[in-house]
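S.K.: Chains as they are written, first to last, in my numbering: chain A, 9 to 120; chain B, 3 to 113.
Don't take each hint at face value.
Label pairs and their in silico Cβ distance ranges [as the list claims (entries may be wrong)]:
(1) Ser-35/A / Asp-100/B: 21 to 27 Å
(2) Ser-78/A / Ser-16/B: 35 to 41 Å
(3) Gly-70/A / Ala-19/B: 30 to 36 Å
(4) His-11/B / Arg-75/A: 44 to 50 Å
Derived list of chain A stretches under chain B, where covered just means 3 residues or more per stretch with a C-beta under 8 Å from a C-beta of chain B [said to hold, decoys possible]:
(5) 67–76
(6) 82–91
(7) 112–118
Keep in mind the hints are simulated off the structure, nothing from the lab.
Model, not experiment: these values are computed from the prediction.
A virtual CB, placed ideally from N, CA and C, is assigned to each residue, including glycine.
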Amino acid sequence: KAGVTQTPRYLIKTRGQQVTLSCSPISGHRSVSWYQQTPGQGLQFLFEYFSETQRNKGNFPGRFSGRQFSNSRSEMNVSTLELGDSALYLCASTTGVNTEAFFGQGTRLTVV
Amino acid sequence: AQSVSQHNHHVILSEAASLELGCNYSYGGTVNLFWYVQYPGQHLQLLLKYFSGDPLVKGIKGFEAEFIKSKFSFNLRKPSVQWSDTAEYFCAVNVGNDMRFGAGTRLTVKP
């Protein structure tokens with residue numbers, strides 16, 4: 009069974025640009041969550057999607073958005089990038105109901 | 003506000019020392035609790051989880067955790083750490099569809 013796949017693994021972008029990250033969950037998992045990981049801040053919850061609907065949202069500005077497709081794949085978009093957006097972005101999938109999360113390897117975004 | 007707190011940011015131990023990492027949460031009601039580990043350069047992996055039943059749960063690699071409901075705590079323990087346990091450890095709480103993580107504790111084990 010394939011794990012959670014995130015692409016790309018690494019990205020370098022310039023301030024002001026926008027970026028789209030992709031996440032393919034484990035087959036059969038319908039929930040996808042996104043997290044931002046930075047040193048000292050741990051994992052900050054961005055949002056969670058289930059069956060193409062956003063169910064939960066963390067405390068991030070509107071520049072951070074996401075969506076989920078009918079095949080459960082999810083994308084996260086960050087517009088007008090800032091230096092502080094440099095982080096490891098993690099995607100996790102679950103079956104959707106009170107179960108453990110399985111994580112991808114993450115996309116490391118560097119904003120210069 | 004609902005939160006997950008991990009008390010130690012960085013713990014340094016010698017091999018064979020005992021480990022206890024603290025985790026407290028502020029959610030009320032029924033919760034599911036997890037400890038995840040992130041080894042250097044690897045993705046987050048589940049160490050152990052608690053959903054219900056025996057509050058002392060055992061996970062992989064000799065780790066265990068105890069759920070104390072009255073203290074809103076879920077501390078992680080290991081009697082004797084190894085150099086290979088060097089990693090970052092995250093406590094997580096799941097309430098319904100909402101899973102929140104603590105800030106993480108970096109464990110360094112000196113050989």
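S.K.: Tell me if the beta carbons of Gly-70/A and Ala-19/B are separated by a distance inside 30 to 36 Å.
M.R.: Since Gly-70/A and Ala-19/B have Cβ atoms about 47 Å apart, the given range 30 to 36 Å is violated.
S.K.: Taking 44 to 50 Å as the hint, is the beta-carbon distance of His-11/B and Arg-75/A inside that range?
M.R.: 35 Å, violated
S.K.: Taking 8 Å as the C-beta cutoff, is the stated coverage of the stretch 67–76 of chain A by chain B satisfied by three or more residues?
M.R.: violated (count 0)
S.K.: With a cut-off of 8 Å between beta carbons, are at least three residues of the stretch 82–91 of chain A near chain B?
M.R.: violated (count 0)
S.K.: Between Ser-78/A and Ser-16/B, does the C-beta distance stay in 35 to 41 Å?
M.R.: Taking Cβ atoms as reference, Ser-78/A and Ser-16/B lie about 53 Å apart, which means the hint is violated.
S.K.: Determine whether the Cβ-Cβ distance between Ser-35/A and Asp-100/B falls within the hinted range of 21 to 27 Å.
M.R.: 24 Å, holds
S.K.: Within the assertion that chain B covers the stretch 112–118 of chain A, do at least three residues meet a Cβ-to-Cβ distance smaller than 8 Å?
M.R.: Satisfied; 3 residues make the cut.
Against the hints set out earlier in the document, violations occur for numbers 2, 3, 4, 5, 6.
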